[in-house]
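Construct the complete structure from the given sequences, taking the supplied hints into account.
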Amino acid sequence: MSEPLFALRDLSVAYGKIEAVRRVSLEIGVGRIVTVVGANGAGKTTLLNAAMGILPAQGEIRFQGRPVGGLSIERRVAGGIALVAEKRELFTTLSVEDNLRLGAYTRPRGERVADALEEVYALFPRLKERRRQMSGTMSGGERQMLAMGRALMARPKLLMLDEPSLGLAPRIVKEILRLVSDLRRTGVGILLVEQNARAALRIADYGYVMETGAVTLQGPAETLARDPRVIESYLGFSDRAA
Amino acid sequence: MDPTIALFLAQDGVTNGAIYALLALSLVLVFTITRVIFIPQGEFVAYGALTLAAFERGVLPQTAWLALLLGAAAFLDDLIRLPDRRSPRRVLAALAGDVGFPAAVLAAAWWAAPRHLGPLAEVPLTLAMVASLGPFLYRLVFRPLAEAPVLVLLIAAVGVHLALVGLGLVFFGAEGFRTAPFSTAVIEAGPATITGQSLWVLGVTGGLILALWAFFGHTLTGKALRATAVNRLGARLVGIPTAAAGRIAFVLAAFIGALSGVLIAPVTTVFYDTGFLTGLKGFVAAIIGGLVSFPLAAAAAVLVGLVEAFASFWASSFKEVVVFTIIIPVLLWRSLRSGPAEDEE
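Residue numbers (this note's numbering), protein chains in the order written: chain Z, 32 to 273; chain C, 11 to 355.
It cannot be assumed that every hint is accurate.
To be verified - DEER-style ranges, computed between Cβ atoms:
| id | chain 1 | residue 1 | chain 2 | residue 2 | range |
| --- | --- | --- | --- | --- | --- |
| 1 | Z | E149 | C | G232 | 22 to 32 Å |
| 2 | C | G169 | Z | T123 | 27 to 37 Å |
| 3 | Z | E149 | C | G169 | 31 to 41 Å |
| 4 | C | L230 | Z | T123 | 17 to 27 Å |
| 5 | Z | R40 | C | E157 | 26 to 36 Å |
| 6 | C | R347 | Z | G250 | 51 to 61 Å |
| 7 | Z | E142 | C | W120 | 42 to 52 Å |
| 8 | C | T335 | Z | E242 | 31 to 41 Å |
| 9 | C | G213 | Z | N71 | 51 to 61 Å |
| 10 | C | W120 | Z | R40 | 55 to 65 Å |
| 11 | Z | D41 | C | A224 | 49 to 59 Å |
| 12 | C | L172 | Z | E242 | 45 to 55 Å |
| 13 | C | L155 | Z | T124 | 20 to 30 Å |
| 14 | Z | E142 | C | G183 | 39 to 49 Å |
Unchecked claim - Residues on chain Z that point at chain C, a partial pick, calculated with CB under 10 Å:
| id | residue |
| --- | --- |
| 15 | G84 |
| 16 | I85 |
| 17 | A113 |
| 18 | L114 |
| 19 | A182 |
| 20 | A245 |
| 21 | L248 |
| 22 | P251 |
In short, the hints are calculated from the structure, not lab data.
Note that the coordinates shown come from a computational prediction; the quantities given were computed from them, not determined experimentally.
Ideal placement from N, C-alpha and C gives every residue a C-beta, glycine not left out.
As structure tokens, then:
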């Protein structure tokens, strides 16, 4: 069997003596959506930050068959890994278009940024309408779209999304998740971290459930969505955004 | 006070204010990108002025040796600290930048110093020498502390300030120097007399501000620097190397400092420790701009220059006190408006 696009093996992250993530292993194939669901504080964000290199971690991180655990964030971005952080981390005093152009910062200088820009505008027409607007003045949904668009400007092969539904109205959540689901067709692998387990499992191919830093359940998304333990802990309430 | 004196003071104030504006811009630039409150900014001014003065006397400025020494240390530091840079090409590139450049400047200065080639040759050499100190200091002192709190960075900055003042005394002696003006022209405009030197200062300052505006507003590198200043994590997530951004900020700060020194050398006598007070006045302006706003800092700098000029007329012995007192109402107003918890992001 060929190697997956991205794999974590026995990844552990500690803040001082507290282990926020304990020996987590997961895999993502090309064009697949894999979701990690779990309650607030289960270590999901820590896991993504460690995978991106923002936090030091123990264990193995492999991307396209090569270990990347020792690389800086910049090298990981240039290699094709992108993270849309929970807080979006936009350049609030720069225009929407400047945010997007900077997203292509690691692309070779000769490459036409305009093409990537048009692709992102096609995905998010709202961003094109607002391209001259200062990004700090946009609504929550638009900021999430901009953060995703900025990440896509680097033409990543793996896109990690941290709580894209956080703080958004249910209608916007639906729109964002539909876009995530569409991205799969471009061949990008997606690692989606969500508290909104119902919505995440609906679009994902495979899922992991995290509890207090460790993976407690995993399986195909439809199977997980029917698992009584998951239903009881995470799907018990009706569609509650975050 | 009659209008002639008032105009004279205003001219003096605006000219000095332009210099303070340049320093304030550098301070804001360095702080927003690296979080360093760069106390030694004024030292670049003194080094710029005194290096040029040394050339004028036909002496090789010792600044060239300092640049070479710091460059060599930065190169060694690179070799030890960054194992993934050990490919021969990278080592050669680092060697050329860290040791080759200051060595070339030293050789050129050695050749040029006794020949009295005039400002056209001596000013670029001065700028090259002093500007190269900035990135070397960043690499040796501030980059290793990149993740440290603002207070630690400030203490390191004070350390660099003390070291540079001490070295300044060794290099240039305790004596003050003044260089020949670029222009001795005097323009009579009604009751006012405008000196050519103040026009030089204003012209160069204006040009530099325009160049900075174009750089930060219209180039990808400039925008990447702004992005780093607004959101450091966001910048790293799009792959902007924040260490390179810091280096560029320090190159610009040292260059602007050196240029300010070259500009004021003909109008004030500069001593090895003059830079500190000059830098602090730029700092007052930067604080008024909240250490983040460029236009506010520049406007405040002109105000500082004017207050200083008029204070030196009415209460010359309290000149500095008056200038530094401006900061108190600004701090009060800022702290009342924004509340206490703003020191760390």
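Do the hints match the structure? See the list:
Checked against the given bound of 22 to 32 Å, the beta carbons of E149 (chain Z) and G232 (chain C), roughly 24 Å apart, stay inside it. The hinted range of 27 to 37 Å is satisfied by G169 (chain C) and T123 (chain Z), whose Cβ atoms lie roughly 34 Å apart. One distance hint, 31 to 41 Å for the beta-carbon pair E149 (chain Z) and G169 (chain C), is violated here, with the actual separation near 51 Å. Taking the beta carbon of each, L230 (chain C) and T123 (chain Z) are about 19 Å apart, inside 17 to 27 Å as hinted.
A hinted range of 26 to 36 Å for the beta carbons of R40 (chain Z) and E157 (chain C) is consistent with their spacing of about 27 Å. One distance hint, 51 to 61 Å for the beta-carbon pair R347 (chain C) and G250 (chain Z), holds here, with the actual separation near 54 Å. Between E142 (chain Z) and W120 (chain C) the C-beta distance comes to about 45 Å, which sits within the given range of 42 to 52 Å. Look at T335 (chain C) against E242 (chain Z): about 59 Å separates their beta carbons, and that is not inside 31 to 41 Å.
Here the CB-CB span from G213 (chain C) to N71 (chain Z) is close to 59 Å, well matched to the stated 51 to 61 Å. For the pair W120 (chain C) and R40 (chain Z), the beta carbons lie near 59 Å from each other, so the given range of 55 to 65 Å is met. Hint check: D41 (chain Z) to A224 (chain C), Cβ distance near 51 Å, so the stated range 49 to 59 Å holds. Taken as a hint, the range 45 to 55 Å holds for the pair L172 (chain C) and E242 (chain Z), whose Cβ atoms sit roughly 54 Å apart.
The hinted range of 20 to 30 Å is satisfied by L155 (chain C) and T124 (chain Z), whose Cβ atoms lie roughly 26 Å apart. In this structure the supplied range 39 to 49 Å is violated for E142 (chain Z) paired with G183 (chain C), their Cβ-Cβ distance being about 55 Å. Using the Cβ-Cβ criterion of 10 Å, the hint placing G84 (chain Z) at the interface with chain C is satisfied: the shortest such distance is roughly 9 Å. Checking I85 (chain Z) against chain C by beta carbon gives a least distance of about 7 Å; that is within 10 Å, so the hint holds.
Interface restraint check for A113 (chain Z): the shortest CB-CB distance to chain C comes to about 8 Å, inside 10 Å, so the restraint holds. Evaluation of the L114 (chain Z) hint against chain C yields a held restraint, the C-beta minimum of about 6 Å falling below 10 Å. Using the Cβ-Cβ criterion of 10 Å, the hint placing A182 (chain Z) at the interface with chain C is satisfied: the shortest such distance is roughly 8 Å. Hint on A245 (chain Z) is violated. Least Cβ distance to chain C is approximately 26 Å, over the 10 Å limit.
The interface hint given for L248 (chain Z) is broken, as the beta carbon of that residue sits about 30 Å from the closest beta carbon of chain C, more than 10 Å. This hint is violated: P251 (chain Z) has a C-beta 31 Å from the nearest C-beta of chain C, more than the 10 Å allowed.
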